[in-house]
Amino acid sequence: MPVTHALAVRNFRRYLLGQLVSNIGTWMQRAAQDLLVLGTTGNSGSAVGIVTALQFLPQTLLGLTGGVLADRYSKRRTLLLTQTAMAAQSLLLGLLTVTGTVNLLSVYVLAFALGTATAVDGPARNAYICELVSNERTPSAVSLNAAQFNMARSVGPALAGLAVAAFGTGPVFLLNAASYLAVLYGLITIRNDAPDAPARPRAGPTRARDALRHIATTPELLLPISLIAFVGTFGLNFQVTISLVAVTVFHTGAATFGYLSAAYALGSLLGAIYWSNHPKPPTARRLTSTTIGFGALEIAQGLMPGYSSFLILLFFTGGAAVTVTTTANALIQLHADPHVRGRVLSVYFLVLLGGTPVGAPLVGLVSDTFGSRSSLMLGGFVSLITALALSVSFASRSRRRLRITEPTPVASSPFASAQPKGERHPDL
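Numbering (this note's numbering), first residue to last: 1 to 428.
In short, the hints are calculated from the structure, not lab data.
Quantities reported herein were computed from a predicted structural model and do not represent experimental measurements.
Please note that the accuracy of each hint is not assured.
[What the hints assert, rightly or not] Label-pair restraints from in silico Cβ distances:
#1 L17 / S74: 15 to 23 Å
#2 A300 / T65: 12 to 20 Å
#3 R209 / T99: 23 to 31 Å
#4 A166 / A216: 49 to 57 Å
Glycine included, every Cβ here is placed at the ideal spot set by N, Cα and C.
Make the full structure from the sequences, and use the hints.
Below you can see the structure in the form of structure tokens.
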């Protein structure tokens, strides 16, 4: 499927462009926020971990609620409210910073406020994609959404590093507040009568336990969610680790931190573009194998002796990371029942982002105790071991199911996904 397949849909184009502009501002704020905390606390890794944890803690507390809201109410109206709330948070943080009244406590409070809006925004934002395009365009739309996210993650930190070096952190927060106008404009101008969009599922009971039951009985959902629970908690804390390594290992400033973040994000962007053009649909086998590779790369990342080698390997680590998250997301989008898709996605984001309140402070503590490199190696080790364990577990379950159901076609295996009935997947 061509990468531009979903771009033929006008509503999706407007949505994607608005998200790109807004996400660039968001990543600029994330980078500037880390630098603000490091400057305020004298390079405390624990403080960076705490502010990151507070930003993602609401995902743990409200993640399932966000999915229920996404399935119960209009996703477009929900997004208009959440995006406005996030713009207000950025505006307030920017005003506090430029007036010199910001302190660590205010950063903590506003990070938690941003996380609260994001917990509701995430499930609605991702489930809304399936209302903008038809089912056959969904994989293309998911890949393009991942590409714009990683393009923003590539450009945002680099721009933030340069902007902070030139103007300080306050103007970066204000610029992010203004960037939300792009996504709000896109949402307002989306037409509800687009001919390509599928009909919205009829409203029904929106109970969180329905989604949990659906996940537990669907191996194609249970595997990615189980894997991401560990990878998201321990392996995907680059928002913390990159800033710590830049400041405490290489003793560099804001601009160099931006270059490191951009290298990681550029690898993620190219990885997303590559997989969006891949002829084969996502499979569980691809997910586990790429997670093993990601874990090995992250361990090697912690062993890189110099800045140049660290920067180069960070590019490949970013590509592996986006392969893991994009494959997991696509598997869930393809296999989740449309009536519970918002709630299933809320569980996915709960384990992807909700583990950060546990992982980020732990990463900061490991960094303060054993050095910043050790925090990277910890994340890689946990990711690698988890992928190996789940790969063996689900392969064993698949063999048991095949013995029980013979001569049922192999398409019943949890390692088969999105293929025609009765046709063996080429990955097997």
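Hints, one by one, checked against the model:
{"no.": "1", "hint": "L17 / S74: 15 to 23 Å", "result": "holds, 21 Å"}
{"no.": "2", "hint": "A300 / T65: 12 to 20 Å", "result": "violated, 39 Å"}
{"no.": "3", "hint": "R209 / T99: 23 to 31 Å", "result": "violated, 47 Å"}
{"no.": "4", "hint": "A166 / A216: 49 to 57 Å", "result": "holds, 52 Å"}
Checked against the numbered hints given earlier, this structure breaks hints 2 and 3; the rest are met.
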